[in-house]
Amino acid sequence: MDHGPAIQYGPDNAAGYKTRLGLILFFVYALVYGVFVLINTVNPVLMEKEMMGGLNLAIVYGFGLIIFAILLGIIYNIFCTKKEKELNSANEGGDK
Amino acid sequence: MIYSASPFAIVVFIMFVLTVLGLSFYFARQTGSSKGYYTAGGTISWPVNGIAFAGDYLSAASFLGICGMIATAGYDGFLYSIGYLAGWVVALFVVAEPMKRLGKYTFTDALDSKFKSRGIQLAAGISSIVVSVFYLIPQMVGAGALVTPLLGLPHYVGVLMVGSIVIVIVATAGMKSTTYVQFLKGGLLIIFSTILVFSIVGKGLSKKPSDDYHNFQRLEAEIKNGAVELSDSSYAVSAVKSSAGIDFVKTEKNGTARWWQVKKEGSGIFLLECLSKTKKGDGTVLYNGEPKEAGKFFSVGHLSSIKVDGREIDKTGRLGPFSFFSTIKESTIVRFPQTVIEDGRDRVYVWYQKETDGSRVLRPGLKFKIDKGSSVTSKLNFVSLMLSLFFGTAALPHVLIRYYTVPSPADARKSTIVAIGAIGLFYVLTLYMGIGAMVNGVLDVESSNMAAPLLAKTFGVFLFAVISAIAFATVLGTVSGLIVAASGAVAHDLMTNFMGIKMSDAGKVKAGKISAVVVGGIAILLGILFKGMNVSFLVGLAFAIAASANLPAIIMILFWKKTTAKGVASSVVTGMVASLGIILLSPSMYAKYGLNPADAIFPIDNPGIISIPLSFIVLIAVSLMTQKKEAPKAS
Chain A
0 MDHGPAIQYG PDNAAGYKTR LGLILFFVYA LVYGVFVLIN TVNPVLMEKE
50 MMGGLNLAIV YGFGLIIFAI LLGIIYNIFC TKKEKELNSA NEGGDK
Chain B
0 MIYSASPFAI VVFIMFVLTV LGLSFYFARQ TGSSKGYYTA GGTISWPVNG
50 IAFAGDYLSA ASFLGICGMI ATAGYDGFLY SIGYLAGWVV ALFVVAEPMK
100 RLGKYTFTDA LDSKFKSRGI QLAAGISSIV VSVFYLIPQM VGAGALVTPL
150 LGLPHYVGVL MVGSIVIVIV ATAGMKSTTY VQFLKGGLLI IFSTILVFSI
200 VGKGLSKKPS DDYHNFQRLE AEIKNGAVEL SDSSYAVSAV KSSAGIDFVK
250 TEKNGTARWW QVKKEGSGIF LLECLSKTKK GDGTVLYNGE PKEAGKFFSV
300 GHLSSIKVDG REIDKTGRLG PFSFFSTIKE STIVRFPQTV IEDGRDRVYV
350 WYQKETDGSR VLRPGLKFKI DKGSSVTSKL NFVSLMLSLF FGTAALPHVL
400 IRYYTVPSPA DARKSTIVAI GAIGLFYVLT LYMGIGAMVN GVLDVESSNM
450 AAPLLAKTFG VFLFAVISAI AFATVLGTVS GLIVAASGAV AHDLMTNFMG
500 IKMSDAGKVK AGKISAVVVG GIAILLGILF KGMNVSFLVG LAFAIAASAN
550 LPAIIMILFW KKTTAKGVAS SVVTGMVASL GIILLSPSMY AKYGLNPADA
600 IFPIDNPGII SIPLSFIVLI AVSLMTQKKE APKAS
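Those protein sequence lines, which keep their order, are chains A and B. 84 is the number that numbering that gives the first Met the number 0 gives to position 85 of the first sequence; each next residue is one higher, with no gaps. 322 is the number that numbering that gives the first Met the number 0 gives to position 323 of the second sequence; each next residue is one higher, with no gaps.
Honestly, I wouldn't trust all of these hints.
Unchecked claim - In the DSS-like style, the derived pairs of lysine-lysine whose C-alpha atoms are separated by at most 30 Å in a straight line are:
hint, chain 1, residue 1, chain 2, residue 2
1, B, Lys262, B, Lys252
2, B, Lys295, B, Lys278
3, B, Lys591, B, Lys115
4, B, Lys353, B, Lys366
5, B, Lys276, B, Lys368
6, A, Lys82, B, Lys113
7, A, Lys82, B, Lys560
8, B, Lys263, B, Lys366
9, B, Lys366, B, Lys240
10, B, Lys353, B, Lys530
11, B, Lys295, B, Lys366
12, A, Lys81, B, Lys560
13, B, Lys378, A, Lys48
14, B, Lys252, B, Lys240
15, B, Lys353, A, Lys48
16, B, Lys276, B, Lys306
17, A, Lys48, B, Lys509
18, B, Lys368, A, Lys48
19, B, Lys240, A, Lys48
20, B, Lys295, B, Lys202
21, B, Lys366, B, Lys276
22, B, Lys252, B, Lys291
23, A, Lys84, B, Lys560
24, A, Lys48, B, Lys314
25, A, Lys48, B, Lys206
26, B, Lys371, B, Lys278
27, A, Lys48, B, Lys366
28, B, Lys223, B, Lys202
29, B, Lys371, B, Lys263
30, B, Lys371, B, Lys113
31, B, Lys113, B, Lys560
32, B, Lys240, B, Lys501
33, B, Lys306, A, Lys48
34, B, Lys530, B, Lys591
35, B, Lys113, A, Lys84
36, B, Lys240, B, Lys278
Quick caveat, the hints were computed from the structure, so don't treat them as lab data.
Here chain B stands alone, though its shape is the one from the complex:
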């Protein structure tokens, strides 16, 4: 799609960035000590911390990734919402108060509080960095995806901007400014997402989502002597190809090539217009046969039939929160799946129209292979993802460090409940926003990540500008938290504790700030390299690493008295290496390397179902083997 910058959106965006930077410089004067830098001095009240939790957690993956995934794969995207929220139950009931009691600045402190073990400090410190960096990648990818429609700038500029602003936020005032940026962003995200959902439901459903929605053409055709002939003689058939079990026809008209899908009707055929992106042998790229600037690459997503009480209608008018879904369930949605065609030296990406029953969209199975055509492996892959989401939240370093910003364990508990309420409300809204984007003709087939902001654009520039600015703030808030967590792991866990470098309190703050700059730089590089990947998928992997490396150690320290330092360190290393190894050798990563996914060494993308139990087993086995050698044990 071609995006044009909106001046109003730019103004809102600049105002937001200036506010955030102003907050950071204001709090910088109050952040002189390491306690102030890493934990905001433990002075944040629980309601503010709860909303800041939401601001921290509702990342680009939640807002951009989940909405985008629901917009393209229906209910399957919402399964991420459910898993992400369910993980907070583990955080509240099992982890919140003990972590607050045991820790000081980082989650490594809590793991190591009873043992004083350099092995734990090293393993947990590295684990925090790895998880934070894996979580950072999708946030930076999301930032790049946002600035293109908002400011009309290329992807890498967005990544550079977010990276630079966040480095300033973290390096000036650490956790204090990060907390208030997250509080502001969390509150605004929930308020304006609610407004957007009211707008979606209030607008209702229509077969023509907007006046400027592209009218996809249908060409009458027949097969004569084995060749396709068109009734409109201005088009000439230049190729017929098959892909994904579907026949496609390439036509030429006035020197422009277009791709069409062959559809059967009775004993005859007709052609339906597709979207195409052609990478030509000479390196040029054409969109629907023309340069991108021609603006012939359209946004998509509409309903081909709407039924209410069994009657076919063209539009519904205002709907309610329940009738929105019940009407979708009875209607037919036109989705645009992608397939690839090799056309001589050209590689053609074709997005074709696929009518899908609304009832099918509102239940699982469009993305995850758990329905027809599924295998034991594909079902295990799904279970593994849901397991990782459930156990991952309570093991994310940037979530865990927020327990140290409140005054007491009871405040940690209360702020978690506020977080669950705020995050739960937002996740309910994601299903409305995702399905709304699916049927309102706003989807960019090249990137699902922009579904929610582009949906807001259909309700006017104001909502688009505010939602885009909030989406950008979403990235800022989460990245800030991640960089605080990663810089804490580098400066506090590794430099101060593991390496034993003696530093004054001011020196510790300085080390944290320098670490933040370095981690921010790495995040910028990775954000540029991973352009185009769905951000929610990438976050799912970060959850798997956290759940495998960190959670078994946290749980066993709290509930198994025979846990030893060597057991904890071995478990963290095993979980991290196993989950990373499975991810790197998975089908999705093979596709990223340009290899055949079917050749992947591990047949599943989500490692949790193997790496989480493995991490537990290693902890138990090593602890039992090192019982007599070590003291003290966990109490």
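Pulled out of the complex, with its shape left as it was, chain A reads as follows:
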């Protein structure tokens, strides 16, 4: 059969750590996103509430979700890269 990984990578000793961290961050973000959807569904008028700089909750929460995703991504990469260096340094064929 003509499928399966194109490249056989070396063992990734940090894989378990990255999976756990990824799932934790995913659930954190899913919770924040879920609350956003819940407010919009149950009480959309609440989104008119003024928050900061004359902006309402809808804009602050909406922009906040976008910025939060970027921040979580950066944090995730920092921790993953650190762990990869720590655990994979002995694997020459491991992830770079």
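On the provided structure of chain A, position chain B as indicated by the hints.
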């Protein structure tokens, strides 16, 4: 609206197309192997791949559809931006690295890597094609919408042009040329959208958006003996009709019919000018009572009051990124909703003025029925959409194949983060562009898709030409990615793997190219057929199919050891059939068929809330039932 072609816009457009084609022919010499054709040889660096991700993902739906939806429905359009971006969190934290480790050319490879199952190959291959084709339709519709104002050509010519150019891009150099077209387009889109937003905020807000903005008339009137009488005797009332709970008056002046909205003021009334499009019984179409060429069908969108610190003013001057929204919040926006009037044998589409508080525009509920007058079904429909957007991104075949273009799993992760940064920045800009279009008198009431390019036109031909060319490139980049994904599914998943057709490496490349031509041809046909539908709505449906058919299988293969091949194949088929079935029997599609939407078998338009859990349940149930018969299980 009547659009006139701008020579400068045509020059910019032609230069861009020539550059793209030049890139494709240049890379064609380096694309001899199937690995090179489908994955650019896995040699793309993560920063380039990240921006190419953005170029791939920020489709016509994002640029044209979301801006258009925000321009007509305010914050509700921005909810698409939030959902589209949130989906990348699933891609990064759950899918990116494992997909890179497991797959070769297509997402089917990753699903099938442990099982070697023909059932998975067939189901996932068909699913990739279905999702890609559903995603292709709005891109082609967007292409048709673009060439009309840019080049003064009809819709179908735009669709044909995009289809032909993309077929050349993909058929010459596959993923390599596609990647660099997407990189170029992604970078340019973000740069020039930022420039456009600075221009919008710098210009500020004004009750008269431009010197040539139409001055909508007001006619004084009174009711005498049950009939409407006008103070201006040059107008004669020829009909009074009601629609959407509003009274409308038809007048005749010099043989031209116009429609007016009846407004109450104290104990009296007055009439406000509407826009109208009349489809007459004999087949002729009139715009504001005259042929379209008369140019009496105006662009719309303005503020009727602007308040700053509680004071009413006519214009603000330069604003900041926060004060732009805080001023809109205190102001009143005139929107132009549509209603339909039956006038004898004529069908009249009327766009009437509706004053809406800025605070109402900047919170959800104008489009989605989640506020007053909502029902449990309408709220479920909204939740279903947000669920599909969240889970759809990580299951889109054209996004997933981009993980195979970088050298390592770590590069896949890093390129996803670059993508989130670039895409997130762009989505923040969409709210400025959409609201900017809403109040700057640029909206074509017949098609919201052109809101962003027409907004750019208010800042000069240069910005309009560049933004339009980029919008066109947006379509090119995304369609290229989709055709690579769909042709990979046909040639690699179905022909090579499922059907077991023996081909040399050169033969596989040839099969991919022929598939690309066929898929491109189908996309052209569908783009012409679906003219006029909001592109963001259509993409929302593609997300629902992807989230239902593909994501449960991906997640369970990665995280549930009892997953079996039959479970995966059943889940993909169930998700695809359930989501497609609900879409085809939904109120929106009933309206498209010319039937009454209230008679639709399924009361919701977005299937995700039913089809995603159903797909998970089927996978678990079938896997549990086939435990003893199959080996190996997913690890």
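Are any of the numbered hints broken by this structure? If so, which, sorted upward? Violated hints (numbers, rising): 3, 16, 17, 19, 26, 28, 30, 32; every other hint is consistent with the structure.
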